[in-house]
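> Sequence:
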Amino acid sequence: MQNTKNIYSVSQVNRYIKKMFDEDFILNNICIKGEISNCKYHYSGHIYFSLKDETGVISGVMFASDAASLRFRLSDGMQVNVTCRISVYEKGGNYQFYAKKIEQDGFGDLFRRFEELKERLRESGMFDDMYKKPVPAFSYRIGVVTAETGAVIRDIYNVASRRNPYCSIVLYPAKVQGEGAARTICAGIRTLDRMGLDVIIVGRGGGSIEDLWAFNEEIVAREIFNAVTPVISAVGHETDYTIADFAADLRAPTPSAAAELAVFDYRRFLEDLEGYGFKLKTSFSNILKQYSDRLDNYRLTLDINSPLNQIQQKSGRLLELNAGLNELMNLKMSISREKLIAYSERLEGLSPLKRLSEGYAFVTDAGGKCIRSIRQADAGDMINVELRDGTLSAEIMTVVNTER
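Residue numbers for the sequence shown follow the working numbering, so the first one is 1139 and each next one is one higher.
A hint or two may mislead.
The calculated label-pair distances, taken between Cβ atoms and stated as ranges, are [said to hold, decoys possible]: (1) Y1227 x G1288: 26 to 32 angstroms; (2) V1308 x S1147: 50 to 56 angstroms; (3) P1311 x K1417: 42 to 48 angstroms; (4) E1317 x H1375: 22 to 28 angstroms; (5) R1321 x Y1227: 38 to 44 angstroms; (6) L1525 x E1458: 58 to 64 angstroms; (7) G1288 x E1412: 33 to 39 angstroms; (8) Y1295 x R1328: 19 to 25 angstroms; (9) E1317 x G1413: 50 to 56 angstroms; (10) S1262 x I1425: 55 to 61 angstroms; (11) P1311 x K1239: 42 to 48 angstroms.
The list that follows gives simulated cross-link-like pairs (lysine-lysine, DSBU-like), each with its CA atoms no further than 35 angstroms apart [unchecked claim]: (12) K1171 x K1313; (13) K1238 x K1156; (14) K1171 x K1157; (15) K1190 x K1238; (16) K1452 x K1470; (17) K1271 x K1256; (18) K1256 x K1171; (19) K1156 x K1171; (20) K1239 x K1229; (21) K1313 x K1256; (22) K1171 x K1239.
Simulated from the structure, these hints should not be mistaken for laboratory data.
Since this is a predicted model, take the numbers as computed values, not measurements.
C-beta: ideal position from N, C-alpha, C; glycine also.
With the sequences and hints as input, model every part of the structure.
Structure, rendered in structure tokens:
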């Protein structure tokens, strides 16, 4: 039967080894000298990189809290002294250093060669903007110099087909790392340049400065510079820079980004075209409506100010005034008629003939003068008595005074 006392889990072993590292006095505060490689800045602020020398490599990390005190930016090829502790990452079972302080100690050989070549080519004018060729806005045929297999060409194919399904990709399979890589890259650029393509993408995925060194060779930089076709450099990750990036007409941070820069978005173009058509149609409709409304206003103004309309308006007004005048005249005549009737009734009430018809008489003396009092006549005088149907002549016999 197997002895279970001697069986441990992976986690237990990793934990035990980590404890040994953490309890070691030297490993808890050690300074390591080496050349930086595979340096990557994480969005969290952590810095992941390796230290190497001629025969060995050790990976490590500098957390954001410690990285905040750095006064310079780390890059591949830089020679540094790293004060750190060494421990075990339990999940991966691998040991690594945790940097607390980093001091520059010159540059590695590859980085020195990189800087010397970059400065020499810069002084020759190879990197000047005046020599940069513009990348066509509507590229149709795209050349790619990269490895035949791997994520780079797949990413470029995927991005290109998504942006423009009618785009043509011409691949020159090149060796992008190791011995002879620079020569195959140059051959690829020359071959594609002779094909009259719209643009050429030269690139590969990320890696250490050694992995990317083929793109730091002078022959590659000059081949890119001498190409008639615009060249986009897409080497490594966003933080990786090579001589090819400076010599190229345009640098892309990643191969996928290079495909986006090289291939115009056909579907977006159709959407924009449809949007412009809609805007044009809407704008044209609005302009037509504005002119139609303005024409209607002009027509209305012309109708209002036309002689016929003026005559119709004046005729209508004349009819209104005539109706008002007739109404006023009828009212005046009605009032006058009523007054006339009233005056007639009053006049009739005061008429002598009416009085006479009621039995009254009108008395005058012989000269025709009206006699209203007994004082105007004496006994023996002749008088005339006017009745309703005639006149009587009489002599006054007596005069009787009835006043008291």
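> So, against the hints stated earlier in the document, which numbers end up violated here?
Violated hints: none; all satisfied.
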